[in-house]
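**Q** The listed protein sequences correspond, in order, to chains S and Z. Under the numbering used here, the first residue of the first sequence is numbered 11, with each subsequent residue one higher. Under the numbering used here, the first residue of the second sequence is numbered 762, with each subsequent residue one higher.
Treat the hints as calculated values from the structure; they're not laboratory data. Remember, it's a predicted structure, so these values are computed and weren't measured experimentally. Even for Gly, the Cβ is constructed at its ideal location relative to N, Cα and C. Treat the hints with care, as some may be off.
[Said to hold, decoys possible] Covered stretches of chain S (in silico footprint by chain Z; criterion: 3 or more residues with CB under 8 Å from a CB of chain Z, positions within the stretch not fixed):
no.	segment
1	15-24
2	53-60
3	67-81
4	84-91
[What the hints assert, rightly or not] Reference excerpt, derived from the structure (chain Z facing chain S, CB under 10 Å, subset only):
no.	residue
5	991
6	1003
7	1021
8	1023
9	1032
10	1070
11	1208
12	1211
13	1213
14	1218
15	1219
16	1247
17	1249
18	1262
19	1268
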Amino acid sequence: MVEVTLVGPMAEAAGTRKTEAEAATVGELIEALTARYGALFKQRARGSRIVLNGTPIQFKKGHKTALADGDEVAFLVPIGGG
Amino acid sequence: MATRYCGFMGEILDVDLSTGRVSRYDVSDDDYAALLGGKGLGARILYDIVPPGIDPLSPDNALVFTAGVLTGSGAPCSSRYNVSTKNVLTGGIASANSGGTFGTYLKLAGFDGLIVRGRADHPVWIEILNDSVKIHDARHLWGLDTRVTQAGLGTRVSTLAIGPAGENLVRFASILNGHRVLARCGVGAVMGSKLLKAVTAGGCRRVPVYDREGFARAVADWTRVLKSHPSTAVQLPEFGTAALVNTTSATRTLATRNFSAGTIKNADELSGETMAETILRKKGACRSCPIRCAREKVEVDGRIMKGPEFETIGLMGANLGHTDLAMVTRMSEACDLLGIDTISAGGTLGFAMELSERGMLKSDLRFGRTDNLLQTLDDIAYRRGLGDELAEGSMRLAMRHGGGDFAPQAKGMEFAAYEPRSAVGHGLGYAVSNRGACHIDGGYVIFFEALGGLTMDPLTPLGKPALTVFQQNTFDAVASSGCCIFTTYAVIPLGAERVISPHGFAGKVVNEVLKGSRFLLGTQGRLPRWALPVHVPLIPHTKAISTLSGIDCTLGHFTLAGERAYTIERMFNVREGFDGRDDVLPSRFTSEPQRPDEPNSRVPLGEMLPEYYKVRDWDPSGLPRERLLRRLGLEPMLDDLRAARKTDLRSPRLVREESQGRGLAARVADVRELTATLERSRASLAATIGRTERLDRVAQVRESVFRVDWARCQRCGLCYDACPVKPKAVAWEKGKLAEILQDRCIRCGLCEDACPPRFSAIDRTRAEPSRIGGPVYRVIPERCEKCGLCWKKCPADAIEWKKDELAVIDEEICVRCGLCKAKCPDKWDAIAELTEA
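With the rest of the complex left out, here is chain S (with noise of 0.2 Å):
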């Protein structure tokens, strides 16, 4: 089981802002949660940056990256402070 989190528009198209879902990949873990919020998610995914324990995907193996029981993966959009 991996635990999602979702930030911003992420969490307004699912309706929440944390979950768990069941997948191998990042990539299967978008389908499964498009399956279950509908294509809104996998349309606004494309534009999220996705966290695995901490670091972006896309410097590990994209949406081909593998998950592990426990793991926890973050959709984020964009937001700045100080």
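Fit chain Z to the supplied structure of chain S, relying on the hints for placement.
**A** Same frame as chain S, but now just chain Z:
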């Protein structure tokens, strides 16, 4: 001395509290144009007027408040102003920057800046109102919290005030302006050391505009960008800066348990989203800000308070090992009232908790324990027990109890709420930042590493030094101009991440490009200003500055102004004995990986610093090169640079610091005695000081004739409401101009008091001194029922009354309006109307 550039008011006030002398400080047109005001101008003035080697808490130090060229102009997010002084925590440069109203009101009063030097011999406050400056007795305000102090000085002006922490010289004391805070570097302690409790500003001047139409267009375009970008139109307005909590926790960059980790379980309980769903009651904004990130009102324990910002939430929540948002809000409120910087306080508390858990400090502070936190903050502000040690900050706590390798500070000032080991460029920023560890002064490279739309590898050192320099220069230019740095978050083109997926191939390309920042950005600072003769739509500040001021502010001019400001601050530090040996981080952050499975999750400072110095055109020891000072027009600083090269000033600096520490205890004891004495006599002091000031005012009023200036009258009717004469001596109808009817006017001056300072539509002209006309009023003791109604209704505060005591009318202050007689119930008729002989 006026300036030929619009946007500025052309005058800087210079107040010496030791002598009471008020003068003007000259700034040349060239300096106005080259520095753009604000942070850059503040640093430059400070460099010129404060000699090296002084104690920051001595009368030799100066506070330099400056507004930027855009401040108060109506440009988006342009309410910012700055204070520069010598840093109480680091001994180097201090700067604190804030939104709020003070910068704007200072300009409306006719000034771009205020310098405060010396030390008063008793607590005072400064009043700046339309060119006039007065130093008032503040003994009755000493010891009060920031809110009561501000309320006591009126609501129609903008007030800066310190709380008990500033009075007691807490090294991270802040200055409050409404709900906004000049928080960092111990600027409140410098104000306290001068016995300056508060400053108010107000006036009716307008910021001059060079090209009114062009400026209006630039502002409209700029506002449109901010209102349509996801960062500034959705995330910040919806959830405030607290929207960062979930993102930083997910990217392992949230300060947690004294920066030993970058994420906390249940971070969402602290998030802006949770705040919005549970306690948020009202959002708010600084003047002229379309972003509206402030959480103006939240409700906790049935009380309305200010919602905490991200930094406060991170450092007083996750960093202390808990996720209780209500407790963070209470702590934030306590810090504001006491006048404490939440960042340094949170950093120091977290460090003390780790020391305690390791058995290195005897205290009951523990991660996750929240019941003793409010009391500890109070103890810090009043320097009681352990609070006295904590009030010195984490570096000095480490000097006493050990733990220097995990004290979250650089140069003596605490980190912001971002854990740097999962955003290593941000760690470089902490190390090199001029004012001590600071996310903004450090360049906020974390935006490109973990927070923004298209990010780069957060763990690589590649490209980070050049990006840091670029960001620092840009932020300094923005801060100098009087604008909020949040405006720069909209520089990434709208929707770029929708076209370029951050985790697709293009995202990787962006990462590679940013890693090559050295080649893209590394030389931009070295280009002459005419090499970038353009206004780039993504940095709209330049167009707004050009049209407002008439300064030819190209992108090159703008970034050069930022580089100049940054270099002046560095030179201030160099003159104080700082060099590359001070650009360091504690070993936890450079040697211990944050995550055991990720060996690169540490800050490779040694790999980044040499390139940072190279891009900055500093030598390998961290000192600016002479050619850099020449290029930036800072030739007067060459002698100081040469002196620093010749002599190692670092050791004397550390020795001076030691001696300052010993002197501090005696100073704090003095303050404590003063506060206790004033506390005992506060009521009588307030009455005496109040009466003296009212008498002064009555004396002035009696030499004046009042008229309405129709060019300024806003037709609001406040003067009509305030006029105590029956029938009214002010003619006014809704939507029409007011007029004072001289045959009825009793010259009480209450209409002038009622007219907001920003309008100042009541003009006073000097006339033959005259007593206010009309009868004298006296209380008839045997009829007075001691109800206090006359006291309550007196518009001139001329009646003394206490519960169950007779009312007494002070005839010297009385404006003879007769309201007391009118309000005294007919059945008592306890006020006699006597015709004066």
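**Q** Which of the numbered hints above does this structure break?
**A** 7
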